[in-house]
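Produce the entire structure from the sequences given, and follow the hints as far as they go.
Okay, here's what each chain looks like letter by letter:
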Amino acid sequence: MIGFPILSLMTFLPLVGALFIFSIRGDAALVARNARFSALYASGFTFLLSLFALSRFNKAEAEFQFVEKTDWFPALGISYHLGVDGISIFFIVLSAFLTPLCILASWESIKDRVKEYMIAFLVLETFMIGTFCALDTVLFYVFFEGVLIPMFIIIGVWGGPRRVYSAFKFFLYTLFGSVLMLLALLTLYFKAGTTDIAVLLENPVARDLQMWLWLAFFASFAVKMPMWPVHTWLPDAHVEAPTAGSVILAGVLLKMGGYGFLRFSLPMLPEASAYFAGMVYWLSIIAIIYTSLVALVQDDMKKLIAYSSVAHMGFVTLGIFTATAQGVQGGVFQMISHGIISGALFLCVGVVYDRLHTRDIGRYGGLVKNMPKYATVFMIFMLGSVGLPGTSGFVGEFLSLLGAFKVNALYAALSTTGIVLGAAYMLVLYRRVVFGPQDNGDAAAMPDIGMREAAIFAPLVLLVLVLGVFPNYVMDRVSPSAERMLALYNKANGIAAVEPAAGDDEGGIFP
Amino acid sequence: MEILAVFTPLLGFLLAFLFGKQMGDRGAQFVTCAGMSVAAFVSVVLFFDVVFDSDPRTIQLATWMTAGDFSVNWALRVDQLAAVMICVVNIVSACVHFYSIGYMAHDSCRARFMSYLSLFTFAMLMLVTSDNLLQLFFGWEGVGVASYLLIGFWNHKHSANAAAVKAFIVNRMGDFGLALGVMSAFVIFGSVQFDAMFEKAPELAEVNFMFMGHSVHALTLICLLLFIGACGKSAQLGLHTWLPDAMEGPTPVSALIHAATMVTAGVFLVARMSPVFEYAPFALEVVTVVGALTAFVAATIGLTQFDIKRVIAYSTMSQLGYMFFALGVSAYGAAIFHLMTHAFFKALLFLGAGSVIHAMSDEQDMRNMGGIWKLIPTTYVLMWIGSLALAGIPFFAGYYSKDIILESAFAAHSGAGEFAYWMGIAAALMTAFYSWRLIFMTFHGAPRADEHVMAHVHESPPVMISSLIILATGAIFAGALFYEPFVAGDTGGHEGLQIISHEIEIEREVEAPVVEEEHEENIWNRFGFWGESLKVLPEHDTLAAAHHVPEWVKLLPTFMGVLGIFLAWVLYIKRAGVATRIAAVAGPLHRLFFHKWYFDELYETLFVRNAWRIGRAFSLKGDKQIIDGYGPDGIAAWSQRVASGIGRLQTGCLYHYAFAMVAGLFGIVTWFFLRAGF
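Residue numbers (this note's numbering), protein chains in the order written: chain A, 1 to 511; chain B, 1001 to 1678.
Everything labelled a hint here was simulated from the structure, so no lab data went into it. Wrong hints could be hidden among the right ones.
Subject to a maximum C-alpha distance of 35 Å in a straight line, what follows is the list of computed DSBU-like cross-link-like pairs (lysine-lysine) [to be verified]:
#1 A:K491 x A:K373
#2 A:K369 x B:K1200
#3 B:K1157 x A:K373
#4 B:K1157 x B:K1596
#5 B:K1157 x A:K369
Here are the in silico distance ranges between beta carbons for each label pair [as the list claims (entries may be wrong)]:
#6 A:P74 x B:A1637: 42 to 50 Å
#7 B:A1426 x A:D476: 31 to 39 Å
#8 A:R113 x B:T1670: 55 to 63 Å
Positions of the beta carbon are idealized from the N, C-alpha and C atoms, including for glycine.
Right, here's the structure in full:
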């Protein structure tokens, strides 16, 4: 244990930073400069705190750690309850890691209303970290929904030409799901009499009720993920969002859906999860194939990567709902890895967008000549996205598929087509942007990445490779909590421990 | 030492790639070549260590990933099979590295090129030294990426980029099978670690597995899925279309990757998994038939091509077919033997072709060559050596390995084996024919290039030629030298040079009398050379049977080789011009061969265009019209309509409201009455 409330500190430090920036007054240029630095310091220090938490995280422990609990509304039994386990800790580190990078990435590209922009990002960070720390359903809901507001503003104010349409689409889509989730949370409260997640985990509700609750949660998390067919807000939101907004959107916000499945659906509603698993598999498979094909024909770089995110999240949902050790850990790892890789890919798009102000793939070409460093960096993330062994992209994808294969070989076979299609759209993108003759004069004149951009990419490149070769740093910490969750799941479904896949519909060996 | 053999190329890559600018081209060439030389030297030492002291070993490096009961390590497994592969890879790669110094002398990105070559070598070494299927997959994909980078090395060319992407994606289709194979292996064996799998294979020989609603033989399923992967990487029929296009890469790449090493990964995979394949007879049959068809089809295409590198590429594909049907009839030793000899003579042929292209100012079309043999005599002689080895002319390397493959196929006495034998014989004829067609068109006859080019024809620099000479030595002697240890059974049929295999020979003589009685037990270790690394069931022991086939079976391949050369001589020297007339007479057949059996066109219409069409339909129809149209946009439009409709209701006229009230009241009353049960 640590002697101070590290989770609260991490959650609210960015908010303090935001308040500080809010109070800055004076000359516009100076305010912008101060706002940038303050935001960088606040988020940077939060990141250091998260690393400290990670270093103190006990990897043998499956239960929640760094727990903080104080009464909030004692009359209603609602408390301020924070804590992390192996499933959530890496999402917190990921959020804290990406935010300073985003602030660095916006250093020069955001020129208007810098102060407000930085405030929005820091508030967003508070909500993101809070979502992953919260162990009380009310607190969780506040953070989970709160995220929408700064993101809505970031897209709506600093976005592209169709930003208002996209922002509203994003907001309404996610709100629609959230309302249903709120109903589910209220029902849980009235049935179980508590809002404490740790308690709810241990006491599943009746099977019939689970079904309704599951669907309500599903509406919210599936939109967030996003799963097919409620994914159409994502490409629009990405296309219009500023680069840093896309990074956070793809890097962290999508993971809230997966996190929700892991925190609520599977352990609290195990029987319903088992019941609906088949539907999730099929939706995931459709997502993987459908969106990969759609990605193939896009002419907009950001849209292409956005669709690839939907496909990659398909592997996550597929893995999680197999309820196998491989599937769940693969799903978690895939989310973390996708957070890094897709975030990095959006940054890559941002680099050329800053120079040429277009996302049209056809306007680029032959960049390897004038931007060799950029080409190398982009290549590494492209290969990571393709799921090349040795990059982090492979581990999650493969383990998820392995989990799926245990349940039913057909699911695995259909989903594995994703690795062919994924290679196709990414390589085509890369080829059109980076290789080929230099047909466009202005694209050929762009300078290579500078020091600031190199500083942003360096840690991302390193992480993609290190996690690809030694993923066990993450796996070791995820696995106790994942196993504990699976134990709850299996107990409720009456499946004997160890071999969760044996009794499933198809698969398994028989002589 | 194992670490040195595998990781020095990686070090070379990292240094040359990251600090290429600082150290300059010379520096990059030096570090990569030095790294490869060290690796090549160490691997030879390792070979003697492992093979002659019968000391296979596995070194665990680190854990890769653990999830539940799934756990995989990074490890170096150096057994006899791996030792042979390491040697082949490192030696050929070292030759290619040195050759590239000369060949790429005028390129502006030499450092990058050298670093990619080293990266490729490293990936290939990780592949062959893997002790589990997943690390093998790592190396497998690693060589895929390196090959992608090298094929597209001249990335300003559209054709090079297209070829690179095509190579990667077609390989990925194979990987689709391989990945599923790895997963099924885990589900069935409970592990993807080789030793654990091999141990369990015999007891699982009778087990079935539910796959896509059908109950299938578990081991056959694994083997077939892995074989799909092997087909992709080794360009077997169906997934071969990338290999000829890969010739867009610089010639050293073609030599290293698309002849000597990467494409043999599939052969290695099947050989490595021999303890599992042995219990999946149906899978072996499939391997045999696919291999035989590949050998035949590729040879027919090779007959008609004009690009010098493509001819050699199709011959590579055809030779890979030989290796596969050797694997299919359980003659794993023969397949690896051919893999090794082929690595030498095919690298030699490619680099020789490169030397020709270099001399002809980057001309690759044989129709624009001719009459240059006097100008580049060394290259000419070396090409002859390579071709003689390829055609299987006695006492050159290819003769030993190809013959033993064909004899094994015949000795299998199965339908598939016999089919493979005759396909192989036909391919042997064609191989010899197109090899000499290549030599005659390139070197003989009247010069067809313009004067400018002809004036420039020059022999390659010594750094290139010396690499060629090393390879030529291999192409001449490797067969005779290694015949005995690699493939000779308990009754050696041929006389080979036995310097190296001396020790083994002595052991064998001691054991010889016992062999007959303890056939079944001893058979596992009969090939002292391979130790435990290859496994053959007693009833599949075609290599031993190969020595007892009728004499005509042994002589036919050689005869075909000579006949092929003779025919080529008649058609291209004696009566030049007849060839075109034959092509015209056999119009449809010639077109079929020339257009590569229309595989590319078929795939283009079937997969590529449809993928794009479906993608567009999903994007415009699915997402925009259906999901958005009925979803968010539809609801938004609908709510707007409803809102404006309701707005219009507010008319402000009293009698409208009164009417609505009465109607509402009437409705409520009716509903109550109905509910009450009228």
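* **In rising order, the numbers of the hints this structure does not comply with** => 1, 2 and 7
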